[in-house]
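Trainee: The primary structure of each chain is shown beneath.
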Amino acid sequence: MRVTTRVSGLILTACAMLAITSCESQPTASSAPKEKLAIGVEIIPTTLDPGQTYQRTAASILQLTGGKLTTPDPDGKGVGMGLAESVTPSDTHYIVKLKPGLKFSDGSELTSQDVIASFEYFIADKTNGLGYSYEAIKNLTAVDDLTVDFELKHPSTALMFYMSQPQSAILPSESIASRGKQLYEGVPIPTAGQFQVESMSQDQITLQANPNYAGTQPSTKTVVFKKIVDPAARLAQLQGGQIDFADTISPKQVGQLSDPVKVDSYSTPIGAYHLSLNTRANSILSDVRIRRAIADAIDRKQINEVAYAGLSEPALGIFGGSSKFYEPFLSENADVAGAQKLLADTKCESECSLKIIAPSDNDALGDTAIVVQQNLKAIGINAEVAKTEAATLNKWSADGNFDIRVGGVYDVGDFPDGYLAFSLLSEYGASYTGYSSPEMDKLIGEVGSTSGAAQTAATHSLNAVFENDLPVVPTVGFTIVSASRVPADVFKVNANTFYSVG
Amino acid sequence: MLTTARVLSTRLLQVIIVALVVMIGTSLLVRLVPGDAARTILGDKASPGALDALRQTLGLDRPIAEQIFISIGRLVQGDLGTSFNFRGQTVTSLIVPALLVTACLAALAILLSLLVGIPLGLGLALVRSSGADLLGRLSLTVLVALPSFMAGLILLYLVSIRLRIAPAGGWAGSWPSNFGYIWLPAVALSLYLGPLIARTVRQAALETIQQPFVEAARARGVSRHRVIICHVLPNAALPVIPLVGFNAGVMVSGAVTVEAIFALPGLGAQLVQAMGTRDFPIVQGIALLTAVSVVVFNLLADLLNLSVDPRLRSR
Numbered sequence: 001m002r003v004t005t006r007v008s009g010l011i012l013t014a015c016a017m018l019a020i021t022s023c024e025s026q027p028t029a030s031s032a033p034k035e036k037l038a039i040g041v042e043i044i045p046t047t048l049d050p051g052q053t054y055q056r057t058a059a060s061i062l063q064l065t066g067g068k069l070t071t072p073d074p075d076g077k078g079v080g081m082g083l084a085e086s087v088t089p090s091d092t093h094y095i096v097k098l099k100p101g102l103k104f105s106d107g108s109e110l111t112s113q114d115v116i117a118s119f120e121y122f123i124a125d126k127t128n129g130l131g132y133s134y135e136a137i138k139n140l141t142a143v144d145d146l147t148v149d150f151e152l153k154h155p156s157t158a159l160m161f162y163m164s165q166p167q168s169a170i171l172p173s174e175s176i177a178s179r180g181k182q183l184y185e186g187v188p189i190p191t192a193g194q195f196q197v198e199s200m201s202q203d204q205i206t207l208q209a210n211p212n213y214a215g216t217q218p219s220t221k222t223v224v225f226k227k228i229v230d231p232a233a234r235l236a237q238l239q240g241g242q243i244d245f246a247d248t249i250s251p252k253q254v255g256q257l258s259d260p261v262k263v264d265s266y267s268t269p270i271g272a273y274h275l276s277l278n279t280r281a282n283s284i285l286s287d288v289r290i291r292r293a294i295a296d297a298i299d300r301k302q303i304n305e306v307a308y309a310g311l312s313e314p315a316l317g318i319f320g321g322s323s324k325f326y327e328p329f330l331s332e333n334a335d336v337a338g339a340q341k342l343l344a345d346t347k348c349e350s351e352c353s354l355k356i357i358a359p360s361d362n363d364a365l366g367d368t369a370i371v372v373q374q375n376l377k378a379i380g381i382n383a384e385v386a387k388t389e390a391a392t393l394n395k396w397s398a399d400g401n402f403d404i405r406v407g408g409v410y411d412v413g414d415f416p417d418g419y420l421a422f423s424l425l426s427e428y429g430a431s432y433t434g435y436s437s438p439e440m441d442k443l444i445g446e447v448g449s450t451s452g453a454a455q456t457a458a459t460h461s462l463n464a465v466f467e468n469d470l471p472v473v474p475t476v477g478f479t480i481v482s483a484s485r486v487p488a489d490v491f492k493v494n495a496n497t498f499y500s501v502g
Numbered sequence: 001m002l003t004t005a006r007v008l009s010t011r012l013l014q015v016i017i018v019a020l021v022v023m024i025g026t027s028l029l030v031r032l033v034p035g036d037a038a039r040t041i042l043g044d045k046a047s048p049g050a051l052d053a054l055r056q057t058l059g060l061d062r063p064i065a066e067q068i069f070i071s072i073g074r075l076v077q078g079d080l081g082t083s084f085n086f087r088g089q090t091v092t093s094l095i096v097p098a099l100l101v102t103a104c105l106a107a108l109a110i111l112l113s114l115l116v117g118i119p120l121g122l123g124l125a126l127v128r129s130s131g132a133d134l135l136g137r138l139s140l141t142v143l144v145a146l147p148s149f150m151a152g153l154i155l156l157y158l159v160s161i162r163l164r165i166a167p168a169g170g171w172a173g174s175w176p177s178n179f180g181y182i183w184l185p186a187v188a189l190s191l192y193l194g195p196l197i198a199r200t201v202r203q204a205a206l207e208t209i210q211q212p213f214v215e216a217a218r219a220r221g222v223s224r225h226r227v228i229i230c231h232v233l234p235n236a237a238l239p240v241i242p243l244v245g246f247n248a249g250v251m252v253s254g255a256v257t258v259e260a261i262f263a264l265p266g267l268g269a270q271l272v273q274a275m276g277t278r279d280f281p282i283v284q285g286i287a288l289l290t291a292v293s294v295v296v297f298n299l300l301a302d303l304l305n306l307s308v309d310p311r312l313r314s315r
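So the protein lines, in turn, are chains A and B.
For the first sequence, position 9 matches number 9 in our numbering, and the numbering has no gaps at all.
For the second sequence, position 265 matches number 265 in our numbering, and the numbering has no gaps at all.
Note that these hints are calculated values from the structure, not bench results.
A few of these clues could be false.
Below, simulated BS3-like cross-link-like pairs (lysine-lysine); rule was C-alpha separation at most 25 Å, straight line [stated by the list, open to error]:
| # | chain 1 | residue 1 | chain 2 | residue 2 |
| --- | --- | --- | --- | --- |
| 1 | A | 103 | B | 45 |
| 2 | B | 45 | A | 153 |
| 3 | A | 324 | B | 45 |
| 4 | A | 181 | B | 45 |
| 5 | A | 395 | B | 45 |
| 6 | A | 442 | B | 45 |
To give a feel for the contact side, a few chain B residues facing chain A, derived at Cβ under 10 Å [unchecked claim]:
| # | residue |
| --- | --- |
| 7 | 36 |
| 8 | 45 |
| 9 | 59 |
| 10 | 61 |
| 11 | 86 |
| 12 | 100 |
| 13 | 157 |
| 14 | 160 |
| 15 | 216 |
| 16 | 217 |
| 17 | 220 |
| 18 | 270 |
| 19 | 277 |
Examples of chain B residues lying across from chain A (beta carbon under 7 Å, computed) [stated by the list, open to error]:
| # | residue |
| --- | --- |
| 20 | 43 |
| 21 | 87 |
| 22 | 165 |
| 23 | 172 |
| 24 | 174 |
| 25 | 176 |
| 26 | 180 |
We put the CB at the ideal spot given by N, CA and C, even for glycine.
Use the sequences and the hints to build the structure in full.
Mentor: Below you can see the structure in the form of structure tokens.
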């Protein structure tokens with residue numbers, strides 16, 4: 001009886017869907033600049049503390065409010081000046097000169113004392129998840145009201161880049177002194193960015209243009225970020241006109257978009273979706289020959305078409321395709337014969353079994369896992385796919401309870417040391433692979449502390465070590481797909497992953 | 001009177017036992033689920049030192065037994081604790097607004113179910129064995145079998161996206177504007193309970209119609225309408241009270257999925273997020289609140305049943 005009723009329910013549903021799809025009605029739209037924008041996002045900040053806000057959309061919201069010394073270029077390939085008029089780097093000093101007349105959103109002056117108090121606060125906070133950003137800083141000294149001397153422990157080309165990130169937003173020294181550890185609790189503190197926080201709840205954060213912002217004032221005065229966890233619900237609200245922009249939709253949904261809703265996709269300058277291969281001794285993939293065989297067996301073009309609707313591109317090296325450090329060595333298509341040859345005399349020569357883990361809340365990564373499973377089948381490797389939610393996935397990953405983890409790493413600018421640290425540095429677990437190579441660790445350090453020709457040479461050597469060891473296998477570029485009903489000059493996500501409000 | 005007192009005392013004891021069991025059970029279960037709250041807050045890029053520091057701040061470095069003991073100690077003092085994820089905010093301040101959303105959704109869904117289900121069930125009983133009755137029963141069976149999330153998706157697509165007569169989700173944040181956002185999810189949720197009520201009322205009405213007192217009323221010359229309204233309906237509607245009471249838990253679980261589809265900021269959405277981020281205090285708070293609410297709802301149903309059915313009072 002239960003089966004009968006459920007079948008009846010499904011038939012009725014199918015009939016209803018068919019009937020519904022037959023009646024078309026086009027939504028109306030406006031492309032004019034708007035005073036107020038509503039943006040649907042998966043996650044909004046649960047705290048205004050950028051040090052505990054790592055997730056991309058939440059960090060992008062805080063990026064709009066925070067005033068930083070430098071500003072990331074929209075394409076993520078460099079940084080320009082922000083609150084700073086100039087930054088003069090040398091081997092062990094950064095001399096930062098502030099623009100004159102800077103103010104916080106409450107009208108109070110922003111001086112070198114605020115810069116020092118802010119960075120000292122960030123460094124002292126041991127729970128700061130982005131604490132690595134300040135690792136190079138040894139000491140801070142106010143030269144005058146507008147000039148700060150950042151003394152460094154060692155040369156750091158990336159500090160200029162970290163200064164442009166939300167975790168380095170300058171805060172009023174008065175708030176830091178009066179609130180202490182409760183700095184981000186209660187009423188939002190004044191900001192020096194393009195926007196200020198007007199209100200914040202569990203489900204919505206409203207930003208208001210900051211009248212004292214030193215840069216260009218946006219035409220849009222109010223931006224409301226609404227938490228809509230389910231991507232299909234975000235898209236439904238976008239199609240229905242409740243929101244103007246749906247940040248991150250499943251690439252599968254691109255085909256469902258109809259005018260005036262358009263797809264908005266971007267690839268980060270550095271980074272890739274990849275397969276983390278468990279190199280620990282307990283995994284079959286501790287054998288580098290099998291890792292290389294997997295890298296050859298992967299059909300990156302197929303992954304791009306199936307999982308990313310063709311909106312990404314095959315990633316053929318550790319860096320993203322648009323990175324200046326990109327050195328491709330992998331193939332776009334699967335090389336089954338080559339992969340099988342590599343498996344000779346390994347545990348997978350005749351047949352072997354692997355466990356692939358993937359997040360259950362990310363369609364594209366889930367689809368990637370299925371394609372990889374099929375690709376591996378072609379070379380005689382049986383793979384079981386297990387999907388689970390993020391916290392469990394991270395636990396499995398940290399415990400080495402997997403053979404292949406489908407994921408990815410990106411960074412918001414073409415400054416490779418942070419990206420490399422999270423991808424390949426042994427101290428950070430090398431993307432959960434357990435990979436530990438003193439040579440790689442040393443090269444990552446060199447890439448981060450050099451510039452120009454020396455950095456290029458270090459990166460080249462690093463690429464060679466990576467090609468040899470392959471703890472992670474790049475699949476496609478790090479691409480985020482969103483949908484919008486407003487023009488890009490009104491609102492968009494830049495390649496640096498941050499929002500741009502016109 | 002004695003019966004009412006017995007029901008009250010039994011249910012109150014149940015509330016206390018349920019609260020304790022749920023508190024200890026969820027405290028233990030959420031900590032046995034794999035996952036690290038500090039990692040979900042700080043992300044992949046956090047250093048081991050930062051993770052350790054945050055675990056210490058959140059009290060996660062203590063033994064599980066000690067964490068549970070602290071939770072229960074707080075509960076006894078009426079304190080549900082502080083959220084891990086929403087720093088500095090108490091669990092109570094976070095879940096009460098969400099509870100109101102879910103309560104409104106469930107209440108509206110129950111109201112709609114009653115308003116539609118009772119007359120429909122009665123109507124079907126009056127036209128029993130006809131084509132309309134057959135069609136009605138078939139439709140009710142299909143609707144009962146239709147999961148809430150499927151009903152929600154169909155309504156979202158049809159009513160919001162195609163017909164554009166309701167927003168495709170969201171929440172106004174103020175009353176009465178919220179009604180514009182809640183009525184469609186309530187309809188989706190009522191598509192389970194409404195048909196159940198209609199089927200129950202139909203069956204009860206068919207039985208009541210056969211009762212001697214109905215025959216007697218007709219024999220006394222009481223009009224057909226009066227017989228139905230005054231004699232059949234009150235008796236046919238009686239089983240609806242325990243039915244709604246017993247389905248309170250189902251309504252809450254249905255609300256979880258419907259809230260996700262319509263992006264309502266209710267307990268369901270909050271519970272999913274809290275589980276995802278391993279925000280144990282929030283999970284414990286919601287589990288406790290939900291369990292106690294279901295027991296209290298059943299108590300109300302029992303009391304209502306006692307007050308309207310004299311036969312129960314005489315037992």
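Trainee: All hints, please: hold or fail.
Mentor: Comparing the hints with the structure gives:
no.: 1; hint: 103(A) to 45(B); verdict: violated (32 Å)
no.: 2; hint: 45(B) to 153(A); verdict: holds (21 Å)
no.: 3; hint: 324(A) to 45(B); verdict: holds (23 Å)
no.: 4; hint: 181(A) to 45(B); verdict: holds (22 Å)
no.: 5; hint: 395(A) to 45(B); verdict: holds (15 Å)
no.: 6; hint: 442(A) to 45(B); verdict: holds (19 Å)
no.: 7; hint: 36; verdict: holds (6 Å)
no.: 8; hint: 45; verdict: holds (5 Å)
no.: 9; hint: 59; verdict: violated (13 Å)
no.: 10; hint: 61; verdict: violated (12 Å)
no.: 11; hint: 86; verdict: holds (5 Å)
no.: 12; hint: 100; verdict: violated (13 Å)
no.: 13; hint: 157; verdict: holds (6 Å)
no.: 14; hint: 160; verdict: holds (5 Å)
no.: 15; hint: 216; verdict: violated (37 Å)
no.: 16; hint: 217; verdict: violated (36 Å)
no.: 17; hint: 220; verdict: violated (41 Å)
no.: 18; hint: 270; verdict: holds (7 Å)
no.: 19; hint: 277; verdict: holds (7 Å)
no.: 20; hint: 43; verdict: holds (3 Å)
no.: 21; hint: 87; verdict: holds (5 Å)
no.: 22; hint: 165; verdict: violated (11 Å)
no.: 23; hint: 172; verdict: violated (11 Å)
no.: 24; hint: 174; verdict: violated (12 Å)
no.: 25; hint: 176; verdict: violated (18 Å)
no.: 26; hint: 180; verdict: violated (11 Å)
In terms of the numbered hints stated before, the structure departs from hints 1, 9, 10, 12, 15, 16, 17, 22, 23, 24, 25 and 26, listed from lowest to highest.
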